[in-house]
Amino acid sequence: MSSATNAMPGAMESGGAAPVAISWGRQFYWSVLREIWENRSVYLAPLIVAGLFLAGFILNVLSVRHRTHGMWPFNPAHQHDLLASRYEIAAALIMGTVLIVGVFYSLDALYGERRDRSILFWKSLPVSDLTVVLAKFTIPIVVLPLVAFVITVATQFIMLVLSSVLLAGSGVDIARLWAEASFIHVAVIVFYHLLTVHGLWYAPLYAWLFLVSAWAPRAPFMWAFLPPFVICGVEKMAFDTSHFLSFLLYRLAGPDAGTAMTSGSHADFMSQLIPVHFFAVPALWEGVAVAAVFIAAAARLRRYRGPI
Amino acid sequence: MACIEARGLRKSFGTTVALDGIDLRIEEGRVLGLIGPNGAGKTTALNAVLGLTPYQGELKVLGRDPWNERDVLMRDVCFIADVAILPRWLRVSQALDFVAGVHPRFDRAKAEGFLAKTNIGFDTKVKQLSKGMVVQLHLAMVMAIDARLLVLDEPTLGLDILYRKQFYDSLLNDYFDGSRTIVVTTHQVEEVQNVLTDLMFINRGRIVLNCSMDEFESRYVEVTVRPERVAEARALRPIYERQALGRVILLFDRIDRKQLTEFGEVRTPSIADLFVAMMSGHNDVAVGAKA
Numbered sequence: 000m001s002s003a004t005n006a007m008p009g010a011m012e013s014g015g016a017a018p019v020a021i022s023w024g025r026q027f028y029w030s031v032l033r034e035i036w037e038n039r040s041v042y043l044a045p046l047i048v049a050g051l052f053l054a055g056f057i058l059n060v061l062s063v064r065h066r067t068h069g070m071w072p073f074n075p076a077h078q079h080d081l082l083a084s085r086y087e088i089a090a091a092l093i094m095g096t097v098l099i100v101g102v103f104y105s106l107d108a109l110y111g112e113r114r115d116r117s118i119l120f121w122k123s124l125p126v127s128d129l130t131v132v133l134a135k136f137t138i139p140i141v142v143l144p145l146v147a148f149v150i151t152v153a154t155q156f157i158m159l160v161l162s163s164v165l166l167a168g169s170g171v172d173i174a175r176l177w178a179e180a181s182f183i184h185v186a187v188i189v190f191y192h193l194l195t196v197h198g199l200w201y202a203p204l205y206a207w208l209f210l211v212s213a214w215a216p217r218a219p220f221m222w223a224f225l226p227p228f229v230i231c232g233v234e235k236m237a238f239d240t241s242h243f244l245s246f247l248l249y250r251l252a253g254p255d256a257g258t259a260m261t262s263g264s265h266a267d268f269m270s271q272l273i274p275v276h277f278f279a280v281p282a283l284w285e286g287v288a289v290a291a292v293f294i295a296a297a298a299r300l301r302r303y304r305g306p307i
Numbered sequence: 000m001a002c003i004e005a006r007g008l009r010k011s012f013g014t015t016v017a018l019d020g021i022d023l024r025i026e027e028g029r030v031l032g033l034i035g036p037n038g039a040g041k042t043t044a045l046n047a048v049l050g051l052t053p054y055q056g057e058l059k060v061l062g063r064d065p066w067n068e069r070d071v072l073m074r075d076v077c078f079i080a081d082v083a084i085l086p087r088w089l090r091v092s093q094a095l096d097f098v099a100g101v102h103p104r105f106d107r108a109k110a111e112g113f114l115a116k117t118n119i120g121f122d123t124k125v126k127q128l129s130k131g132m133v134v135q136l137h138l139a140m141v142m143a144i145d146a147r148l149l150v151l152d153e154p155t156l157g158l159d160i161l162y163r164k165q166f167y168d169s170l171l172n173d174y175f176d177g178s179r180t181i182v183v184t185t186h187q188v189e190e191v192q193n194v195l196t197d198l199m200f201i202n203r204g205r206i207v208l209n210c211s212m213d214e215f216e217s218r219y220v221e222v223t224v225r226p227e228r229v230a231e232a233r234a235l236r237p238i239y240e241r242q243a244l245g246r247v248i249l250l251f252d253r254i255d256r257k258q259l260t261e262f263g264e265v266r267t268p269s270i271a272d273l274f275v276a277m278m279s280g281h282n283d284v285a286v287g288a289k290a
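These protein sequence lines are chains D and A, in that order. Just so we're aligned, residue 0 is where the first sequence starts under numbering that gives the first Met the number 0, counting upward by one. Just so we're aligned, residue 0 is where the second sequence starts under numbering that gives the first Met the number 0, counting upward by one.
Just so you know, these hints were derived from the structure itself, not from any lab. Computed from a predicted structure; not experimentally measured. Just so you know, not all the hints are guaranteed correct.
Quick list of simulated restraints, FRET-style, between CB atoms [stated by the list, open to error]: (1) A/Leu171 <-> D/Phe228: 56 to 64 Å; (2) D/Ala252 <-> A/Gly56: 46 to 54 Å; (3) D/Leu51 <-> A/Arg87: 47 to 55 Å; (4) A/Gln55 <-> D/Ala218: 30 to 38 Å; (5) A/Asn172 <-> D/Leu53: 55 to 63 Å; (6) A/Arg87 <-> D/Trp284: 37 to 45 Å; (7) D/Phe228 <-> A/Arg87: 30 to 38 Å; (8) A/Leu244 <-> D/Trp36: 53 to 61 Å; (9) A/Thr117 <-> D/Ser84: 55 to 63 Å; (10) D/Val141 <-> A/Arg107: 23 to 31 Å; (11) A/Asn118 <-> D/Trp36: 20 to 28 Å; (12) A/Thr117 <-> D/Trp36: 18 to 26 Å; (13) A/Ala108 <-> D/Ile57: 45 to 53 Å; (14) D/Ala252 <-> A/Gln55: 48 to 56 Å.
Every residue gets a Cβ at the ideal spot worked out from N, C-alpha and C, and that includes glycine.
With the rest of the complex left out, here is chain A:
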């Protein structure tokens, strides 16, 4: 069964179209990165999936209608938005008590185990914790819930490098087991590149790229072209061109790797490179050439 399935998902705020008829299907057991510029509709899409906003079109999450069945759906879905949402007055012990009191799939001992590895005291209030610790606390609670879908909306916003790295490490080591689905949006694309199994770019309310990471790696090739071969390489219609340290770097879609090796140094692009390429205008070499 698909974890998330949408057909013609639309949402507009007044005259602003946030989601412009999205079709998608996310299978269970995937780790999907939802990447897009600010205002692309990422958060709106996640809010629709979480039952936080009404929408037009068809949307099923774990077979349920999120808008009308949010409370039931939340037994199987967990959610971390950016750091500010844990109530500041809440004590760590109260947070555990409350979630244990209302959530059928919460394993308190497990949460305490995760917290024991941190410096977070059980008597501390959320407002006394640093940003990084609040995220640790939230993650510890979420990882102790036996959910089937975890939604992360900019979970590491404003955290230092150590906390960010630790966040994804513990998510992969202690939580992801191949059957759970994780959907994550972030601007720190480079950090999730090795975590993802699937990649989705969204811009102006539409999906502009939807592929698995395997596909991504076989499809896209970046070549640092030797100066004398630039004209030849350009003839193969790269989707983006940029310059670094005086060298021309071309990004190709679905061009044979062996063929490209003769032009220069070949490598798999980073998600960020592809993102910049695609958001700067499709198949428009001229945009890149100006740089």
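Next up, chain D with everything else stripped away, as it sits in the complex:
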């Protein structure tokens, strides 16, 4: 190959002709943005779910007020429940929504562009495959958790304001309500949960979906879910063990189910929130390493892939 002699003048000429480089960060930024343009469900789905939840919440508070006929305050534990348990439902609903959006987004991320042939357009632009894949991977592990955080906290704040308004004059101690709601505490817990579980712990799961999405000749959903299912069955048959299944369940449940969501008294959460506990779990870093390998493989595969 006479690559050295040929490449040099070419590189110099293109370098001198015009401002050539666009920073990696800028290309990455626009690549993430274009994913959000294409997949508006990233923010629309949790917004709609939050809206529906708030409508349900209003009905619920009004019925509580109606039933109690202003006979407040009832017992304090009940008053605590008025918001705390509903906070959890709100958070669980929104997080579940972004989880579902994330799964379907990931399965389509590198498959959809091949199916609709638009990969030819994206590949005609000077953006590397790795940049594209990383930008796409940012959606499930950074953008969706952030969206979930903002919408969850906003929803919980609206719940607090709504209940204050709806219960005003009913005898409920509004100041007590705000104190019990421990708004900041809950926000911190939600943030911590999203960062650790959705962002890091689930990274290898999303990366697996990306790999399948980059590879699958068709039906990525089937290729993503059939192999684990079959492995579990065959393992049970051959060795009468369920190691693979418990491995998957551990990965799905999170390293420490106790820190997962709000429950019990608020004082407990803060003590469990010491990140060292979570970051000291070796399985976390094994998962992150596996995710890195899957993503690198997906980027490599995209280079070979054309429209289907």
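Following the hints, put chain A in place on chain D, whose structure we already have.
Coordinates of chain A only, in the frame set by chain D:
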């Protein structure tokens, strides 16, 4: 420096050989028409040039290895495949924003200028545009990129005559400046005949003709032979024979034009005529005579 240089370029899919050891050199500033029947290897060759497919052999595009340096190469190379590749969900304004965001050589004002001449609204989504308008949009974006090589793979497939004519007109008037290289494949050969500076026929993964249009015009002559001179004309070994309206038409390669004038009406063949002649079997008069 050559724009595209290949030595022994090979590519096979299983047992099917798509490119069978191609050697070629395309200088900068040329407009090359790559013509071949379906399955001849045109698209495979272009995909190799664009870094979309791995290959065997040596290939340099603007001095770079396309397979390993696609992203860098695409700063200097633009590409329009057939009409379907712009994502349908994309808005025109988003398309401009995105390309401006990632492409160092994109001049947004220029693209907006080209679009202003069309009926394409900036708020429209690609899926709301007609086929012709999608191509207009893509061309407007590509022409606003200061690239050195433009690759067009069947760019006007499925467009009506007006859009097709407009496509090549704007390409020549607003884009081609003599220093850029354009490679175009098409089945609508007659439309590009006046656009090309170079011509390449490819069949079964091999180059069967590679010449400049000047050479094409001086080399090939088509004669509508007067009936009484047919036998004499055939003796000069035409490369192809066909009949139209009862007249015998012979196609000659490298035969003196003056000599042929006495047999009948002489003209430069169309690319399509030569293409049919060459794809029907080389130097085989019998094939043509059957027609």
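Evaluation of the provided hints:
1. One distance hint, 56 to 64 Å for the beta-carbon pair A/Leu171 and D/Phe228, holds here, with the actual separation near 58 Å.
2. About 53 Å separates the C-beta atoms of D/Ala252 and A/Gly56, a value consistent with the hinted range of 46 to 54 Å.
3. At about 29 Å, the beta-carbon gap between D/Leu51 and A/Arg87 misses the expected band of 47 to 55 Å.
4. In this structure the hint that A/Gln55 and D/Ala218 lie 30 to 38 Å apart at CB holds, the actual value being about 32 Å.
5. As the Cβ distance of A/Asn172 to D/Leu53 is approximately 58 Å, the hint placing it in 55 to 63 Å holds.
6. A/Arg87 and D/Trp284 have their C-beta atoms about 41 Å apart, which keeps the hinted 37 to 45 Å range intact.
7. Checked against the hint of 30 to 38 Å, the C-beta distance between D/Phe228 and A/Arg87 comes to roughly 34 Å, which is consistent with it.
8. Checked against the given bound of 53 to 61 Å, the beta carbons of A/Leu244 and D/Trp36, roughly 58 Å apart, stay inside it.
9. Separated by about 58 Å at the C-beta atoms, A/Thr117 and D/Ser84 satisfy the suggested range of 55 to 63 Å.
10. The hinted range of 23 to 31 Å is satisfied by D/Val141 and A/Arg107, whose Cβ atoms lie roughly 29 Å apart.
11. Checking the proposed 20 to 28 Å range against A/Asn118 and D/Trp36 shows it holds: the Cβ atoms sit about 23 Å from each other.
12. Take A/Thr117 and D/Trp36: their Cβ atoms lie about 22 Å apart, and the range 18 to 26 Å holds.
13. Between A/Ala108 and D/Ile57, the C-beta spacing of about 51 Å keeps the proposed range 45 to 53 Å intact.
14. Separated by about 49 Å at the C-beta atoms, D/Ala252 and A/Gln55 satisfy the suggested range of 48 to 56 Å.
In this structure, the one hint that does not hold is number 3.
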